[in-house]
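J.: The chain contents come next:
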Amino acid sequence: MSGRTIKRAALIFLPLAVAAVAVSYLLYASQANAIRATAQAAEARTAEIARQRVALTVASLMTDASYLSEQDALRTYLTSDEPASLGHLQAEYVALARHRQFIAQLRFIDMNGREVVRVDRQGDTVALVPPEQLQNRADEPYTKETLKLDRGQTYVSELELNAEQGVIEQPVKPTLRVGVPVFDGTGAKRGIIIINYLGQRILDRVGELRDAVADLWVVNAQGYWLLGPKDDVFAFMYPDRKDRTFAAAYPDVWRQMQTAPAGKVESDPGRFTFARADVDPSDAGGRPFPPSLFVLVATPRAFSDAQTNALKFNFAVAAFGLLALLGGISLGLARHQIHRHEAEQLVRLSEARFRAVTETASDAVISADHRGIVRYFNPGAERIFGYAEQDMVGRSLTELMPERFRGAHTQGLQRYLGSREPTVIGQTVELIGLRKDGREFPIELALAGSDVDGELFFTAIVRDISVRAEAERNLRASEARFRDLLESAPDAVLITDEEGRIQLVNAETQRLFGYHRHELMGREIEMLMPERYRGAHIGHRHGYVAAALTRPMGAGLDLHGLRKDGSEFPVSISLSPTKTPIGLMVFCDIRDITDQRANETKIQDLNRRLQLDNAELEAVNKELEAFSYSVSHDLRAPLRTIDGFSQALAEDAGPLLKPEHHSHLNRVRQAAQRMGLLIDDLIKLARVTRTDVTIGDVDLSEIALAVATNLQDAAPQRQAEFMIAPGLRAEGDPRLMQVALDNLLSNSWKFTAPRSPARIEFGTTVADGKPAFFVRDNGVGFDMNYAGKMFGAFQRFHDAREFAGTGIGLATVQRIIHKHGGRIWAKSQPGEGATFYFTL
Amino acid sequence: MPQKFILLVEDNPDDEALTLRALSKHNIANGVVVARNGVEAIDFLFGSGAHADRDVTELPQIVLLDLKLPKLDGFEVLRRIRADERTQTLPVVVLTSSKEERDVIQSYRDGCNSYVRKPVNFDEFVDAARQLGLYWLLLNEGPPR
Numbered sequence: 001m002s003g004r005t006i007k008r009a010a011l012i013f014l015p016l017a018v019a020a021v022a023v024s025y026l027l028y029a030s031q032a033n034a035i036r037a038t039a040q041a042a043e044a045r046t047a048e049i050a051r052q053r054v055a056l057t058v059a060s061l062m063t064d065a066s067y068l069s070e071q072d073a074l075r076t077y078l079t080s081d082e083p084a085s086l087g088h089l090q091a092e093y094v095a096l097a098r099h100r101q102f103i104a105q106l107r108f109i110d111m112n113g114r115e116v117v118r119v120d121r122q123g124d125t126v127a128l129v130p131p132e133q134l135q136n137r138a139d140e141p142y143t144k145e146t147l148k149l150d151r152g153q154t155y156v157s158e159l160e161l162n163a164e165q166g167v168i169e170q171p172v173k174p175t176l177r178v179g180v181p182v183f184d185g186t187g188a189k190r191g192i193i194i195i196n197y198l199g200q201r202i203l204d205r206v207g208e209l210r211d212a213v214a215d216l217w218v219v220n221a222q223g224y225w226l227l228g229p230k231d232d233v234f235a236f237m238y239p240d241r242k243d244r245t246f247a248a249a250y251p252d253v254w255r256q257m258q259t260a261p262a263g264k265v266e267s268d269p270g271r272f273t274f275a276r277a278d279v280d281p282s283d284a285g286g287r288p289f290p291p292s293l294f295v296l297v298a299t300p301r302a303f304s305d306a307q308t309n310a311l312k313f314n315f316a317v318a319a320f321g322l323l324a325l326l327g328g329i330s331l332g333l334a335r336h337q338i339h340r341h342e343a344e345q346l347v348r349l350s351e352a353r354f355r356a357v358t359e360t361a362s363d364a365v366i367s368a369d370h371r372g373i374v375r376y377f378n379p380g381a382e383r384i385f386g387y388a389e390q391d392m393v394g395r396s397l398t399e400l401m402p403e404r405f406r407g408a409h410t411q412g413l414q415r416y417l418g419s420r421e422p423t424v425i426g427q428t429v430e431l432i433g434l435r436k437d438g439r440e441f442p443i444e445l446a447l448a449g450s451d452v453d454g455e456l457f458f459t460a461i462v463r464d465i466s467v468r469a470e471a472e473r474n475l476r477a478s479e480a481r482f483r484d485l486l487e488s489a490p491d492a493v494l495i496t497d498e499e500g501r502i503q504l505v506n507a508e509t510q511r512l513f514g515y516h517r518h519e520l521m522g523r524e525i526e527m528l529m530p531e532r533y534r535g536a537h538i539g540h541r542h543g544y545v546a547a548a549l550t551r552p553m554g555a556g557l558d559l560h561g562l563r564k565d566g567s568e569f570p571v572s573i574s575l576s577p578t579k580t581p582i583g584l585m586v587f588c589d590i591r592d593i594t595d596q597r598a599n600e601t602k603i604q605d606l607n608r609r610l611q612l613d614n615a616e617l618e619a620v621n622k623e624l625e626a627f628s629y630s631v632s633h634d635l636r637a638p639l640r641t642i643d644g645f646s647q648a649l650a651e652d653a654g655p656l657l658k659p660e661h662h663s664h665l666n667r668v669r670q671a672a673q674r675m676g677l678l679i680d681d682l683i684k685l686a687r688v689t690r691t692d693v694t695i696g697d698v699d700l701s702e703i704a705l706a707v708a709t710n711l712q713d714a715a716p717q718r719q720a721e722f723m724i725a726p727g728l729r730a731e732g733d734p735r736l737m738q739v740a741l742d743n744l745l746s747n748s749w750k751f752t753a754p755r756s757p758a759r760i761e762f763g764t765t766v767a768d769g770k771p772a773f774f775v776r777d778n779g780v781g782f783d784m785n786y787a788g789k790m791f792g793a794f795q796r797f798h799d800a801r802e803f804a805g806t807g808i809g810l811a812t813v814q815r816i817i818h819k820h821g822g823r824i825w826a827k828s829q830p831g832e833g834a835t836f837y838f839t840l
Numbered sequence: 001m002p003q004k005f006i007l008l009v010e011d012n013p014d015d016e017a018l019t020l021r022a023l024s025k026h027n028i029a030n031g032v033v034v035a036r037n038g039v040e041a042i043d044f045l046f047g048s049g050a051h052a053d054r055d056v057t058e059l060p061q062i063v064l065l066d067l068k069l070p071k072l073d074g075f076e077v078l079r080r081i082r083a084d085e086r087t088q089t090l091p092v093v094v095l096t097s098s099k100e101e102r103d104v105i106q107s108y109r110d111g112c113n114s115y116v117r118k119p120v121n122f123d124e125f126v127d128a129a130r131q132l133g134l135y136w137l138l139l140n141e142g143p144p145r
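Heads up: the protein sequence lines correspond to chains A and B, in order.
Residue numbers for the first sequence follow the numbering used here, beginning at 1 and rising by one.
Residue numbers for the second sequence follow the numbering used here, beginning at 1 and rising by one.
Don't take each hint at face value.
Where chain A lies over chain B, by a calculated footprint (3+ residues, C-beta under 8 Å) [to be verified]:
id, stretch
1, 6-15
2, 93-104
3, 115-129
Here are the computed distance ranges between Cβ atoms for each label pair [claimed, not checked]:
id, chain 1, residue 1, chain 2, residue 2, range
4, B, K99, A, P734, 12 to 22 Å
5, B, R79, A, T694, 28 to 38 Å
6, B, D73, A, E832, 48 to 58 Å
7, B, D73, A, H664, 33 to 43 Å
8, B, R109, A, E625, 18 to 28 Å
Keep in mind that the hints were calculated from the coordinates and are not lab data.
All values reported here derive from a predicted model rather than from experimental measurement.
Using N, Cα and C, we set each Cβ at its ideal position, and we do this for glycine too.
The task is simple: from the sequences and hints, build the whole structure.
T.: Structure representation (structure tokens):
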């Protein structure tokens, strides 16, 4: 049993248990009260009976006394005073005492207190006391009290132990005395009558009322008990037992007994029900009364407790039984509740899961009852149909379909409800939906019916398939395009199945092979190849199907096609496999390579020729290289000799020569030196021609700046402004670009010599929509008529005396720019400076 | 044999004359020994052939070496100089007509100490000779012997 069950059971059990205990206790209490009340009533009744017995006894004694005071015999005696009348009185008294067995003593005492007549009872014997034994009782309290009384008054003593001459008579004899005064015919008081009553009788009669449980007490006004607990003894009138009184034993009870004529007192030892057995004051002749006697019924607490204890036990057993029962019930209830709770949780979970799925589903989920009224409308449905959930719930499903389908829907629903024969239930169908905005759109509908407690529900899952329908249209369009493409393909395209049977051919196939489409469909592909290849091809085909790859067919082999007319032609074939639901399909692309073959042959020829040319070129290049090497070494040596010895001659024969001879020698030397420069430039040009271009990132600005610095350093006396745009970069050969810029800037430097300051600019511009670099100067410029010759080798525009130069520099620059695939051109006017543009 | 001398390896008599003339303009032509081809240069340096009786510990201050030489070209001479322990540290200046890049690279690779092209202009040649003599004979501290 789980802790949860116990906890819940405890929660149920505790209040029930409290209530059960409370009810049990109340029942018990009322039962106990009833028992107590019954017991009390019985006790009260017993007390009352006891009181009555006492009271009646006393009353009858008083009546007797009154009768005796009025008796004829007594009157006669009082008037005649004869011995006979005394005898008569004595006889009367004896007779009365004999009949009234409770009378212990009957006396007539005269006014002096002397006993005149006295009858005593000893057991059953009644005897007249002889005159010599008569005593004077004048000092006795009862004598004194009674003599004081008027006519009609009665004296009643307390219940006392009889004592003779101050000695308590043994065995104790409780005695009650009643006295009345006696008057004669003249109304004179003549004496008193005293009746001693056997008090034990009262006590016995009261004692008769005792039962097994209750004790009966008779207690006098002083609180001494006359009748008490069965085993106890009198204390009354025994000086040594002076303190053994009821009042001393139960002071609380005693105090309460003084306040009321009857009642009950609960005290520690038990319950006391008491009644004061008073004599009617009127009967007592108006004398102050008490003496009172209390009768008490005492029920020990032990007994009343025992009574209630038994009840308590019974109720406790009953309560425990009840509690056990309640415990069982609580446990059962708790289990039931937990089961129900778990079941509810499962339902909630299931509900939550359903919600989670449907709330996030992109499809519409709609539930409707058997009348077709929407009960649930998920966000997907809101999105697809454009209605909000609160708009649609409670409305008919038919609102979600175009007017023309509604009748059929309603009929279908009715039919299903009638026959339970599903038509669309459990299936997926394609229908038309209607949006809130009135737009219709294709839907896919899956419908499920469910029976919830006898009520039929439908759940529809609706998917908007506009997109899919669109996609299908697109697919069809795409297929059509594919067919168009296939038909217009320049190659023969055909598709075969695993068995090599032709499934599809395009127009080019028909044209290339000379068959009509219907002649090819379903036939084996081998019909399109020369007889000699067919057997091997079938084997290859099976191998290909086993390990299908996209690849060219028969790599390295000469493949041939066979036309319907029996002619053959070279082909190249590419194969690509496609796995389809109906098996492997092979896509064959067949190209007629007759022309290609011819071209290939041509290209091979060309290549061969090119190789020869290349070899030749290489040889030429080598020669050129050797030539220029030789030139650089060997051509300059003679020049040095010419120059050197001319100078030697001028020096050695100086004084002998005339000035014009010196001039001649000078011309010889200058010619030699110019030729040296020419050779240098030619070698440079040749080197540029030979050099392969190695393309890299070149910082043109940096090169230009370095060249400018060199130029200025070489001629510090010149005033010049270089304006070089920073950060100009290009893709080119760094060394060649160095040569080119060196030439261009040196050119400008040379031709700006007459200018002060000279201005030389390097930058970029746009020429014919393309970026171009330029070098501009404010030099002497040139005539554009000769611009075409400008870049030819050895072309010079200026007099050698004016501007030194070989005419090779610009040719070198053009060679470099052309090697980069660029273009170079110039603009100028004589005297207006020149600008050289180039692209790379 | 003077204490400090130059070994000029030059086959062209014109060049030889001009070089000597240029050197003599600065009074350094007296200490010039001329070898007219590569073999002669090697014989002189290593005491072989015609120079078999020469004291080879007497080494020139500097060798001025032409590249285009009959029999044994300048590169080969340079390589042999560098290959021999005795002449390994001998300063060699290539003095030739060309400044073809491959010649310059090859010379340095073979261990020349300097590369000077003979200018066509004799005035420049004289100046170059002056500078060479000044540098290699006076300014430069040669390897200890």
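J.: Now look at each hint and say whether the structure bears it out.
T.: Hints versus structure:
1. Given as covered by chain A, the stretch 6-15 of chain B passes the check, having 3 residues with a CB less than 8 Å from a CB of that chain where 3 are the minimum.
2. Check result for the stretch 93-104 of chain B against chain A: holds, 6 residues qualifying (beta carbon to beta carbon below 8 Å, three or more required).
3. With 7 residues having a beta carbon nearer than 8 Å to a beta carbon of chain A, the stretch 115-129 of chain B meets the requirement of three or more and the stated coverage holds.
4. Against the hinted window of 12 to 22 Å, the Cβ-Cβ separation of B/K99 and A/P734 comes to about 20 Å, which satisfies the hint.
5. A hinted range of 28 to 38 Å for the beta carbons of B/R79 and A/T694 is consistent with their spacing of about 30 Å.
6. Judged by the Cβ atoms, the range 48 to 58 Å given for B/D73 and A/E832 holds: they are separated by roughly 54 Å.
7. The hint said 33 to 43 Å for the Cβ distance between B/D73 and A/H664, and at roughly 38 Å that hint holds.
8. Checking the proposed 18 to 28 Å range against B/R109 and A/E625 shows it holds: the Cβ atoms sit about 19 Å from each other.
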